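Undergrad: This is what each chain is made of:
2 protein chains.
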Amino acid sequence: MDKPTSPFDPSGFRRALGMFATGVTIVTARAGDGAPVGMTANSFNSVSLDPPMVLWSLAKSARSLPVFHAAEHWNVHILANEQNDLANRFARAGEDKFAGLALEPALADAPLLAGCAARFQCRTVFRYEGGDHIIFVGEVIGFDQSEAAPLLYVSGEYALATRLSRPVATDAGATNGGAAPFTEELLGYLLGRAHYQFMWSFQRTLDELGISHGEFFVLSLLAVRSGLDVAEIAAHTAYTGIAADAELLAGMCARGLLAVSNDAVARYALSDSGLAASRQVLAAAHAVEAALVEQLGRREAAGLRNLLKHLIRASDPGLPVLWGAGL
Amino acid sequence: MDKPTSPFDPSGFRRALGMFATGVTIVTARAGDGAPVGMTANSFNSVSLDPPMVLWSLAKSARSLPVFHAAEHWNVHILANEQNDLANRFARAGEDKFAGLALEPALADAPLLAGCAARFQCRTVFRYEGGDHIIFVGEVIGFDQSEAAPLLYVSGEYALATRLSRPVATDAGATNGGAAPFTEELLGYLLGRAHYQFMWSFQRTLDELGISHGEFFVLSLLAVRSGLDVAEIAAHTAYTGIAADAELLAGMCARGLLAVSNDAVARYALSDSGLAASRQVLAAAHAVEAALVEQLGRREAAGLRNLLKHLIRASDPGLPVLWGAGL
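Top line first, the protein sequences correspond to chains A and B. In terms of the UniProt record's numbering, the first sequence opens at residue 1 and continues consecutively. In terms of the UniProt record's numbering, the second sequence opens at residue 1 and continues consecutively.
Source of the hints: derived by calculation from the structure; they are not laboratory data. Keep in mind that a hint or two might mislead.
[Claimed, not checked] Pair by pair, the computed Cβ-Cβ distance ranges are:
| hint | chain 1 | residue 1 | chain 2 | residue 2 | range |
| --- | --- | --- | --- | --- | --- |
| 1 | A | Asn88 | B | Arg15 | 22 to 30 Å |
| 2 | B | Asp263 | A | Ala290 | 41 to 49 Å |
| 3 | A | Gln295 | B | Glu95 | 34 to 42 Å |
[Claimed, not checked] Chain B is faced by these chain A residues, among others (derived, beta-carbon under 10 Å):
| hint | residue |
| --- | --- |
| 4 | Phe120 |
| 5 | Phe143 |
| 6 | Leu164 |
| 7 | Ala235 |
| 8 | Glu294 |
| 9 | Leu304 |
Predicted model, so just to flag it, every value in this text is computed and none were measured. By construction, the Cβ of each residue, glycine as well, lies at the ideal position given by its N, Cα and C atoms.
Could you put together the complete structure from these sequences and hints?
TA: Here you go:
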């Protein structure tokens with residue numbers, strides 16, 4: 001074949017190919033001696049609906065090529081986003097990749113893995129020449145899927161997919177004469193609004209219990225880490241901009257929410273009614289969360305948690321360990 | 001070929017295939033009469049690194065099949081996440097898909113579109129039988145890429161990809177005896193912490209200007225929508241849980257941040273110094289944002305904005321229009 005006139009950069013080619021997002025699959029077959037064989041591949045794609053066909057490519061240099069070349073059947077497993085460890089295991093050579101994995105009953109002899117986003121059990125119909133790879137085309141003789149969010153591979157990294165949102169209607173940015181406008185694209189605005197709307201949803205519970213936001217943070221903190229002194233409590237809650245000071249703590253003690261020790265430095269813990277209150281608030285938060293996740297969709301909720309963690313790492317001012325972004 | 005023994009459900013098969021995430025491409029070629037032809041396809045994938053080869057599949061029923069069958073060259077455009085309109089345009093039959101599109105100089109005759117995440121200019125090397133589709137394998141004679149986040153297609157919807165995060169270290173959830181634990185997976189916690197850490201980052205600016213959070217919200221609101229009365233201002237800021245009341249407004253007037261009208265019902269607007277202050281705060285917010293996006297990565301920032309909008313829609317308590325999630 002003609003070579004491109006311009007010098008060709010293989011690593012640049014790989015990077016450019018990485019811009020095409022894919023799912024992650026594990027393709028399995030069984031060797032003549034009955035040994036299970038499998039490897040991670042993202043070169044999968046659909047081909048035909050009638051008859052149902054899919055394809056994937058395998059390097060001619062792959063140690064498992066003879067097995068797949070001889071196999072009449074192979075199974076493609078589209079991995080769920082919790083299965084990136086499995087993807088790594090089947091991407092490495094050597095070791096017994098199937099150790100400890102429960103196989104499920106299959107239509108043919110190819111191993112069938114569990115816990116995937118979707119599975120296609122296939123019978124080889126074509127093997128095509130593809131440069132340094134062989135293209136395997138199979139007829140799908142059976143398939144199933146779950147509701148799991150699929151694992152993605154983009155630009156050499158595992159990723160999560162979340163559907164595109166329509167814009168949030170606002171005429172913000174219309175004015176503020178020329179300066180960088182205030183727009184809904186400001187993360188600070190979106191974070192604040194999302195956070196306040198979440199709080200709004202269970203503010204009623206706080207009101208019923210007569211618990212302020214500051215008291216709420218103290219209850220949540222002491223429910224996790226008991227016996228802190230006033231300085232430690234202030235340090236853990238300072239990032240909220242709400243002062244959890246001796247006066248606030250004294251008020252909570254007076255209302256029986258906190259118990260205080262007689263140490264040289266007073267240490268605070270939840271009283272029984274404080275624990276009950278913290279559980280009540282937490283239960284309300286979980287209820288709000290469940291309702292939101294229901295509306296948002298499990299994939300989007302998983303994606304949002306994932307990104308908020310990225311942001312928290314990126315913006316962590318160096319908080320005490322409980323709230324620290326850690327490493 | 002043998003038919004599967006179990007009855008085969010085409011729509012179920014489509015749904016299962018949808019669990020394999022893909023990028024979105026537009027493949028173009030030129031007809032014998034010079035007319036540009038193109039269509040949206042997600043059946044693209046890489047095949048070979050040496051020689052560099054990619055493949056995609058086209059339905060035998062496609063009106064453009066004769067053109068692609070006769071074409072020696074075709075270009076694959078991996079779309080960026082801003083190009084979903086372009087994807088829709090090239091997915092529809094009829095109309096002049098290339099109307100108004102600026103084409104860029106290509107190595108061969110196939111049309112080359114602009115603004116994509118990556119592009120591969122190819123020369124046909126194989127056409128393979130694939131059921132109701134033809135599999136086109138091309139040698140890549142030229143390619144390029146941008147830093148744009150690629151558009152995804154998952155489960156029949158356009159999507160964004162964001163890389164998986166490592167967990168945020170916390171021993172929260174260790175205690176709180178048996179009740180649903182307080183964990184970093186709680187959206188309320190993640191939202192609050194991300195929001196507070198963002199605020200923390202430009203709190204200094206607020207302090208320098210001696211502007212409280214309540215005053216900050218009033219400045220931001222009036223910068224966008226001027227001439228509101230106290231009730232309207234309170235309604236727009238109520239969701240923050242911070243009371244923007246007559247007393248707060250009076251204080252801002254006294255400090256020359258606001259101008260008040262002599263209408264029967266007093267209406268408030270930013271004074272010149274109030275506008276200057278709002279711009280100063282906004283500039284600080286933009287600076288914090290820019291630094292965060294730098295650390296977070298543009299794709300992750302785009303994904304986070306996208307998901308926060310989903311959440312804001314899902315949790316909107318019915319706020320006035322400026323802040324309303326709208327439709």
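Undergrad: So which hints don't hold here, by number, going up?
TA: Checked against the structure, the only hint that fails is number 7, while the rest are satisfied.
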